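Listed below are the residues making up each chain.
2 protein chains.
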Amino acid sequence: MSAAEAVSQEPPLAMICGGGSLPLSVADSVAARGRKVLLFPLRGFAKPADFAGREHRWVHLGQFGTVARIARDNGCRDIVCLGSVVRPSLWQLRPDLFTLKVLPQVAKAFRGGDNHLLTSVGRVIESYGFRFLGAQEVAPEILVRQGTLGRAVPSERDRADMALGFDYLGAAGPFDVGQAVVVANRHVLAVEAAEGTDQMLARVAQLRASGRIRASGAGVLVKAAKPKQDRRFDLPSIGPSTIEGAARAGLAGVAVAAGETVIAEPERLVAAADAAGIFVIGEPAGISQ
Amino acid sequence: MSAAEAVSQEPPLAMICGGGSLPLSVADSVAARGRKVLLFPLRGFAKPADFAGREHRWVHLGQFGTVARIARDNGCRDIVCLGSVVRPSLWQLRPDLFTLKVLPQVAKAFRGGDNHLLTSVGRVIESYGFRFLGAQEVAPEILVRQGTLGRAVPSERDRADMALGFDYLGAAGPFDVGQAVVVANRHVLAVEAAEGTDQMLARVAQLRASGRIRASGAGVLVKAAKPKQDRRFDLPSIGPSTIEGAARAGLAGVAVAAGETVIAEPERLVAAADAAGIFVIGEPAGISQ
Numbered sequence: 001m002s003a004a005e006a007v008s009q010e011p012p013l014a015m016i017c018g019g020g021s022l023p024l025s026v027a028d029s030v031a032a033r034g035r036k037v038l039l040f041p042l043r044g045f046a047k048p049a050d051f052a053g054r055e056h057r058w059v060h061l062g063q064f065g066t067v068a069r070i071a072r073d074n075g076c077r078d079i080v081c082l083g084s085v086v087r088p089s090l091w092q093l094r095p096d097l098f099t100l101k102v103l104p105q106v107a108k109a110f111r112g113g114d115n116h117l118l119t120s121v122g123r124v125i126e127s128y129g130f131r132f133l134g135a136q137e138v139a140p141e142i143l144v145r146q147g148t149l150g151r152a153v154p155s156e157r158d159r160a161d162m163a164l165g166f167d168y169l170g171a172a173g174p175f176d177v178g179q180a181v182v183v184a185n186r187h188v189l190a191v192e193a194a195e196g197t198d199q200m201l202a203r204v205a206q207l208r209a210s211g212r213i214r215a216s217g218a219g220v221l222v223k224a225a226k227p228k229q230d231r232r233f234d235l236p237s238i239g240p241s242t243i244e245g246a247a248r249a250g251l252a253g254v255a256v257a258a259g260e261t262v263i264a265e266p267e268r269l270v271a272a273a274d275a276a277g278i279f280v281i282g283e284p285a286g287i288s289q
Numbered sequence: 290m291s292a293a294e295a296v297s298q299e300p301p302l303a304m305i306c307g308g309g310s311l312p313l314s315v316a317d318s319v320a321a322r323g324r325k326v327l328l329f330p331l332r333g334f335a336k337p338a339d340f341a342g343r344e345h346r347w348v349h350l351g352q353f354g355t356v357a358r359i360a361r362d363n364g365c366r367d368i369v370c371l372g373s374v375v376r377p378s379l380w381q382l383r384p385d386l387f388t389l390k391v392l393p394q395v396a397k398a399f400r401g402g403d404n405h406l407l408t409s410v411g412r413v414i415e416s417y418g419f420r421f422l423g424a425q426e427v428a429p430e431i432l433v434r435q436g437t438l439g440r441a442v443p444s445e446r447d448r449a450d451m452a453l454g455f456d457y458l459g460a461a462g463p464f465d466v467g468q469a470v471v472v473a474n475r476h477v478l479a480v481e482a483a484e485g486t487d488q489m490l491a492r493v494a495q496l497r498a499s500g501r502i503r504a505s506g507a508g509v510l511v512k513a514a515k516p517k518q519d520r521r522f523d524l525p526s527i528g529p530s531t532i533e534g535a536a537r538a539g540l541a542g543v544a545v546a547a548g549e550t551v552i553a554e555p556e557r558l559v560a561a562a563d564a565a566g567i568f569v570i571g572e573p574a575g576i577s578q
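Residue numbers (our numbering), protein chains in the order written: chain A, 1 to 289; chain B, 290 to 578.
One chain only, chain A, in its complex shape (with noise of 0.2 Å):
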């Protein structure tokens, strides 16, 4: 027996999908193993014309129960969530029966911080009986490996900015705060909390416009996972878009924690990087530690 057929023996990955490209990347990362998938896009996160070719299952946030029976009827044991699902608020959640008895424990998650959150969705998940797998496990190449993935290579100068921007994030991390950070000329220009990356970038861009940022193609968005957080969830992940808000940001290029960020159609990623000059790398996620 060859090794892709044991592969293929596996029973059905059921993935529970927020917005983003990235997804779609795992599922069909995951289906050219020869193992089946189920999906179950997130309504108001994951986006229909994504999923209009690819069998599928509404659910809502929250509607967990749902998804367990269907997971269950199919042989399925193992569950991936993926994808971004802005923390939502208490009405947009509308729990289904099963759901409502680990609802408490789900509304005390939402009082801490995201790690918390997430922490305990995946504890809710593996109380029906679930494994709760990270989309690395299932996929291993959508981990973003060591050194650069386009052709622009970072300079000293940028060096140092990446340094600054893994020591700022090992700091930051255990108050469970973004992943991200903007670092320029050893200056830390931005930090991302709530507002996630993109909006990070946004705002670099906007105080480069008003004059407020000097040294146009200066400055490195620095990614890491935090120190505490539960890698089966939620790593950071950077994909076309990243590289997009990078560009308009003026920025040199995008250094993220290798083996520990998640990367979303690598081609079209180092092709945007490559046309903007943008240099994309993977640091020993040691550094940021």
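No lab work stands behind these hints, which were simulated from the structure alone. Take these hints with a grain of salt, some might be off.
What the hints assert, rightly or not - Cβ pair distances, simulated, as ranges:
#: 1; chain 1: A; residue 1: Arg-151; chain 2: B; residue 2: Arg-343; range: 57 to 67 Å
#: 2; chain 1: A; residue 1: Arg-159; chain 2: B; residue 2: Glu-415; range: 32 to 42 Å
#: 3; chain 1: A; residue 1: Arg-159; chain 2: B; residue 2: Thr-437; range: 23 to 33 Å
#: 4; chain 1: B; residue 1: Arg-343; chain 2: A; residue 2: Pro-284; range: 54 to 64 Å
#: 5; chain 1: A; residue 1: Thr-148; chain 2: B; residue 2: Ala-341; range: 50 to 60 Å
Quick caveat, the model's predicted, so the values are computed rather than measured. Quick reminder that beta carbons are idealized off the backbone N, C-alpha and C, glycines included.
Chain A is already provided as a structure; the job is to place chain B on it using the hints.
Positioned in the frame of chain A, the structure of chain B alone reads:
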């Protein structure tokens, strides 16, 4: 000889004034103590209307030779720099001949963080033979004291948010980043870097309007001096506009480090806070260090 007369015999104080109402508050405090003040509003940062009724001399950022000459001619020995100066582009500096001599030093400062820049400017002033003082040294009443300033008081939840905010600023301080953070329900919503407190508050208001922040009425703006900050130059400050921004962001209150935060227009600030039902509190600075 009375104490007031002794004070009035001090040589005039030179004040280089950036934007905002703080320089004028301080100038009035110093004048009320019987000390003459020479005002040097910075073109592009200070508002002409604010100086209409006062003796003053406009200068460009970098024209320190002019300031030094006039200050010396008037017998000044002490210089205070106060008010907001958005980090300038190099082209905004219009150096005079005297400043040109020290410009390489200033240019070098631009490559580091804000603290680095400010410390270097202080060194330039001292290299001209002046004493470089903090505004709090000439008008100690501008510092926020411990305790609440208006009628509203923080709840237990607000106190937990405040503690987290001060801890975060303590951890991020060594990186020479901003001095402010917004925390709600033990969740860091926004971190200030190059954009300044007002823009950060506007971002929180926007996140709230778009439904990305739940729990209206919750959240605290926390400000503290950076651990390494040169306290003569750029203490964190609050004024009526801070309260207005916090109200628009739906926050419950504003917490600052007592004894190392400067308050502009305290009466208007307290009136605005009471009108908005927002608490304003000075906390022992130790908790952020």
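Verification of the hints:
no.: 1; hint: A:Arg-151 - B:Arg-343: 57 to 67 Å; in the structure: holds, 58 Å
no.: 2; hint: A:Arg-159 - B:Glu-415: 32 to 42 Å; in the structure: holds, 34 Å
no.: 3; hint: A:Arg-159 - B:Thr-437: 23 to 33 Å; in the structure: violated, 47 Å
no.: 4; hint: B:Arg-343 - A:Pro-284: 54 to 64 Å; in the structure: holds, 58 Å
no.: 5; hint: A:Thr-148 - B:Ala-341: 50 to 60 Å; in the structure: holds, 57 Å
Comparing the model with each earlier hint shows a violation of hint 3 alone; every other hint is respected.
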